Amino acid sequence: HNSARSTITFCSSILPSFVTIAIFFSLTPLSYSNNNNHNNKNQKMMASQKIMIKCASTRSLTLIPGRNMSTQIARMATPETVRMFSTEGSRAASKLHTVFEEYRKEHYTQEVPSRFKKDILRAADLNRDGYISAHAIESVLRNIGADGRITKEEIDTIFMEAGEKRSENASEIPVDKMMLLI
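Heads up, the sequence shown is in the working numbering, so the first residue is 1 and it goes up one at a time.
Mixed in with the good hints, there may be bad ones.
[Stated by the list, open to error] Calculated cross-link-like contacts (lysine to any residue; reagent style SDA-like; alpha-carbon spacing at most 20 angstroms):
1. Lys165 to Ala93
2. Lys165 to Phe85
3. Lys95 to Gln110
4. Lys152 to Ser139
5. Lys95 to Met160
6. Lys177 to Glu164
7. Lys95 to His107
8. Lys118 to Leu181
9. Lys118 to Arg128
10. Lys152 to Glu138
11. Lys177 to Arg128
12. Lys95 to Ile150
13. Lys118 to Val175
14. Lys118 to Lys177
15. Lys177 to Gly130
16. Lys118 to Gly89
Treat the hints as calculated values from the structure; they're not laboratory data. Here the structure is a predicted model, which means the values were calculated and not measured.
Could you build all of it, start to finish, from the sequences and the hints given here?
This is how it looks when you write it as structure tokens:
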């Protein structure tokens, strides 16, 4: 049988003892005989299997895979580094990532992606306190010529959902979390 290759990322709401895990698996076509069919032909059906994952913060893992499925854990994140976005926040975060990724591909072709991210975050960490403000990201976007590609409302959504309240009227995102976003 030929097998189709799929990539799935499972995201669940973060509870104190759970984390998000990216899972790669292959769906294998299953053949079965349908006795109720007049011509009794073999039919192929893609197996739609589910995986239940429970991963405690102690990093113990329980997998309950479906039949004919091989699983591989690609990355395990700690609860402190994972924050779930709303649909709107997810779109905004994806858009921000795309803007920075396109700039990196055009202007940092000879550098590794982590070097680019560090340079961007160094420019955005105005106070050198390890936190990035929405105003600082807007400034960086202006400096790289991408200020029209993402709206202030989208940036505010990202900071409202992923940020930490450090002052009465503004959320800021720690540099390590922002590194994951861009």
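Tested hints:
1. Lys165 to Ala93: 18 angstroms, holds
2. Lys165 to Phe85: 16 angstroms, holds
3. Lys95 to Gln110: 24 angstroms, violated
4. Lys152 to Ser139: 11 angstroms, holds
5. Lys95 to Met160: 16 angstroms, holds
6. Lys177 to Glu164: 11 angstroms, holds
7. Lys95 to His107: 18 angstroms, holds
8. Lys118 to Leu181: Roughly 12 angstroms separates the two Cα atoms, so the pair holds.
9. Lys118 to Arg128: Cα-Cα ~13 angstroms, so holds.
10. Lys152 to Glu138: Roughly 8 angstroms between the alpha carbons, so the hint for Lys152 and Glu138 holds.
11. Lys177 to Arg128: Distance of about 15 angstroms is within 20 angstroms: holds.
12. Lys95 to Ile150: Within the cut-off at roughly 7 angstroms; holds.
13. Lys118 to Val175: Roughly 9 angstroms separates the two Cα atoms, so the pair holds.
14. Lys118 to Lys177: Given pair Lys118, Lys177 holds - Cα atoms ~12 angstroms apart, limit 20 angstroms.
15. Lys177 to Gly130: This hinted pair holds, its Cα atoms lying about 10 angstroms apart.
16. Lys118 to Gly89: This hinted pair is violated, its Cα atoms lying about 23 angstroms apart.
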